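Sequence lines, in order, name chains V and U. Read the first sequence against the UniProt record's numbering and you will find it ends at 400, with the numbers running on by one and no gaps. Read the second sequence against the UniProt record's numbering and you will find it ends at 400, with the numbers running on by one and no gaps.
No wet-lab data here; the hints were simulated from the structure. Being a predicted model, the structure only gives us computed values, none of them experimental. Incorrect hints may appear among the rest.
Stated by the list, open to error - Taking lysine-lysine and the BS3-like style, the derived pairs with C-alpha atoms no more than 25 Å apart in a straight line are:
{"#": "1", "chain 1": "U", "residue 1": "K387", "chain 2": "V", "residue 2": "K387"}
{"#": "2", "chain 1": "U", "residue 1": "K359", "chain 2": "V", "residue 2": "K79"}
{"#": "3", "chain 1": "V", "residue 1": "K79", "chain 2": "V", "residue 2": "K119"}
{"#": "4", "chain 1": "V", "residue 1": "K119", "chain 2": "V", "residue 2": "K359"}
{"#": "5", "chain 1": "V", "residue 1": "K119", "chain 2": "V", "residue 2": "K81"}
{"#": "6", "chain 1": "U", "residue 1": "K125", "chain 2": "U", "residue 2": "K357"}
{"#": "7", "chain 1": "V", "residue 1": "K357", "chain 2": "V", "residue 2": "K125"}
{"#": "8", "chain 1": "U", "residue 1": "K357", "chain 2": "U", "residue 2": "K119"}
{"#": "9", "chain 1": "U", "residue 1": "K286", "chain 2": "V", "residue 2": "K79"}
{"#": "10", "chain 1": "U", "residue 1": "K314", "chain 2": "U", "residue 2": "K2"}
{"#": "11", "chain 1": "V", "residue 1": "K81", "chain 2": "V", "residue 2": "K92"}
{"#": "12", "chain 1": "U", "residue 1": "K79", "chain 2": "V", "residue 2": "K289"}
{"#": "13", "chain 1": "V", "residue 1": "K289", "chain 2": "U", "residue 2": "K289"}
{"#": "14", "chain 1": "V", "residue 1": "K125", "chain 2": "V", "residue 2": "K92"}
{"#": "15", "chain 1": "U", "residue 1": "K125", "chain 2": "U", "residue 2": "K79"}
{"#": "16", "chain 1": "U", "residue 1": "K119", "chain 2": "U", "residue 2": "K359"}
{"#": "17", "chain 1": "V", "residue 1": "K357", "chain 2": "V", "residue 2": "K314"}
{"#": "18", "chain 1": "V", "residue 1": "K286", "chain 2": "U", "residue 2": "K79"}
2 protein chains.
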Amino acid sequence: MKNCLVAQSGGPTSVINASAVGLYLANKENGHFDKVLAGLNGIEGVLREDFFDMSELSDEEVELLRTTPSAGLGSCRYKLKDSTVNKEEYEKLFDIFSRHSIDSFFYIGGNDSQDTVKKLSAYAKENGFDVRINGIPKTVDNDLMVIDHTPGFGSAAKYIATIVLESYLDSLVYTNNGIFIVETMGRDAGWLAASACLARYNGRQCADFILLPEVPFDEAAFAAKVKETFDKKNHVYIVASEGVKYPNGEFLAATKAQSHDSFGHAQLGGAGNAIKAIIEANGITKRIKVLELSVLQRCAFHAVSEIDLEESGKLGKTALELAAAGETGKVAILVRESDDPYKVTFTSTDASNIANKVKYFPAEWVTPDGFNIREEALSYFVPLAGKLPEYRVIHKYHNM
Amino acid sequence: MKNCLVAQSGGPTSVINASAVGLYLANKENGHFDKVLAGLNGIEGVLREDFFDMSELSDEEVELLRTTPSAGLGSCRYKLKDSTVNKEEYEKLFDIFSRHSIDSFFYIGGNDSQDTVKKLSAYAKENGFDVRINGIPKTVDNDLMVIDHTPGFGSAAKYIATIVLESYLDSLVYTNNGIFIVETMGRDAGWLAASACLARYNGRQCADFILLPEVPFDEAAFAAKVKETFDKKNHVYIVASEGVKYPNGEFLAATKAQSHDSFGHAQLGGAGNAIKAIIEANGITKRIKVLELSVLQRCAFHAVSEIDLEESGKLGKTALELAAAGETGKVAILVRESDDPYKVTFTSTDASNIANKVKYFPAEWVTPDGFNIREEALSYFVPLAGKLPEYRVIHKYHNM
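Chain V on its own, in the form it takes in the complex:
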């Protein structure tokens, strides 16, 4: 008996289940493992021996799982300590692996999860356990090193771009319009906010401002430019990452949450609300709406990117092939060969190249004033989201 085990970790995405299913179906085809076991709730569930044999699912259930958002195997936020700190946990894990004839363990997750892959594979090598440990990347944040982009990001980018376009049109219907602010996820890296650059109307960028954690926030320059834009168009559309920071590294959200008294109104602490407070404090307008996309950007499978869904499955298959070839301590990745026609190849990298590292949004793709994304970035984003809706309105405010 030679089984494998797959588990999910960290925040959900629209396509995290597609990786597990891709791996399961690839194994069904090549028969490398007797069973594909799912460890429920990540490494937490594995430590409780909470397993599920994926072959118990009917073909229809497998297909439904593939097209289901949220972590269908359950998830956890559990960071494995170093084996020098907590050796018992490692001993327990490899004992469980042994008792369940687990030849290979696959962990689907972001840079924290790939740290687990790195630690477990190193421990196995050092202690002579013949178990392969490999990773499958996942995160809507798109902040993993080496990989061109992460599964989950394309769907989140498509969702953000779609919502930005739709709410942009919505925000322009009156003669007397206001300021619309969308807050995206992305505490350290601005890829999600930046993907709003995909939202275009009449060939022009919808967002007047796209604010990223990587660009120190110049409040005075921002307020001045918002005022200028509002005076000209009677409308401003702003996309802000939750992680936007002042030059001293402090989050906008944190600062404004504390200072709500000085602005005379309460703040919840989100970046969007902080920006609203700044605009009000500068007397620009009081007609401001804030939309925090919250979990929608990671779970709105109803607007999935088909390319993302397909690639996520193929990365599961790639991981299976890595293990079958005897590899360990690797993460399945994709490398972009060409933007147009879009072409990627599937290969792998050492988990140590990904674990605990963050890939920031490139400075050269930010406009010189720091307030938007350059057109040059589009060729990177366009293929990942796939087809966006196309809309047409006729009143003049929309055609500005």
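Let chain V serve as the given structure and place chain U on it in line with the hints.
Same frame as chain V, but now just chain U:
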């Protein structure tokens, strides 16, 4: 030369443009009017003679307009005063109608807009103007009298149900889950919040609580039941209308916005945040997420209900036929003949039956404790939203 004029008013919906296009295409077919003019930005634009000849659009542009959210002709929030108060405005309007050979005016909107239809048609009759004034219903709130349901509502209901299902699955992935609160629109009537009853997983209702403006909010009973549910499931999913009120008629949002100090943290004033504060104040848990759907529920055309889109177009056609038959002061409506198979007929009612009135969510469809929607309501909702996504997860927390 005999023209007609169509304009849009109030908040956008996903399908408001489909009514204008339905009217335009029906006229193209039967040739009743020489031109279909679009009045830009509602009655405000009409008063400025801000017109657009819809035949200037190519077939492709007409189809794009049909499938575009937001008010594609522009909108306004302008309530026509009584003609005894401001007669000049009426004189100006009918002068404009005359100079542009406008034989018929169609106003697409909710109960305020149908008040305009009622006033203008009465004024025309009283003053001998041979102009027909008819209304086309529209509102995501679904709060118009006589009509079985309003165009725009089905798409909003589909969007809310989809997002509730997706965020419900998202909120259950950990072993240690929390409380998730979704806030919908609906200040007076709870139809939008109630449509969350469409979100079901494994045949069971996702939302533990659905709170409507029509049901006086019993804070003590609510806190006790949330605690009981959370103690049992370690998870609670709540949908709340923005208009939820205390028995004294005060909005939850308003109260909590003022009382943020006593709870020790700032509040923005939304119903969702007020409920979060209540849950925290009762010491139930601090793991609470609030998602305010904001404008998404009215503009997310990417998740449009096909039935809603089709019916919206047919109501435009019905209004055209009303005018062609010489009717005035009417609103095109739909009457439900059967739930399953779903069947509606298109007819009309006097604008006075709709103007300034509100259709509340039926008390008999609310559960006895006031905290959820009865199964009996499903047969009303199901056909309006059309097909919802189907999902499948395997970990036990999802199958509770």
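Hint by hint, here is what the structure shows:
{"no.": "1", "hint": "K387(U) to K387(V)", "result": "21 Å, holds"}
{"no.": "2", "hint": "K359(U) to K79(V)", "result": "53 Å, violated"}
{"no.": "3", "hint": "K79(V) to K119(V)", "result": "11 Å, holds"}
{"no.": "4", "hint": "K119(V) to K359(V)", "result": "21 Å, holds"}
{"no.": "5", "hint": "K119(V) to K81(V)", "result": "9 Å, holds"}
{"no.": "6", "hint": "K125(U) to K357(U)", "result": "23 Å, holds"}
{"no.": "7", "hint": "K357(V) to K125(V)", "result": "23 Å, holds"}
{"no.": "8", "hint": "K357(U) to K119(U)", "result": "15 Å, holds"}
{"no.": "9", "hint": "K286(U) to K79(V)", "result": "22 Å, holds"}
{"no.": "10", "hint": "K314(U) to K2(U)", "result": "22 Å, holds"}
{"no.": "11", "hint": "K81(V) to K92(V)", "result": "13 Å, holds"}
{"no.": "12", "hint": "K79(U) to K289(V)", "result": "23 Å, holds"}
{"no.": "13", "hint": "K289(V) to K289(U)", "result": "19 Å, holds"}
{"no.": "14", "hint": "K125(V) to K92(V)", "result": "16 Å, holds"}
{"no.": "15", "hint": "K125(U) to K79(U)", "result": "20 Å, holds"}
{"no.": "16", "hint": "K119(U) to K359(U)", "result": "21 Å, holds"}
{"no.": "17", "hint": "K357(V) to K314(V)", "result": "24 Å, holds"}
{"no.": "18", "hint": "K286(V) to K79(U)", "result": "22 Å, holds"}
Consistency with the previously given hints fails for number 2 only.
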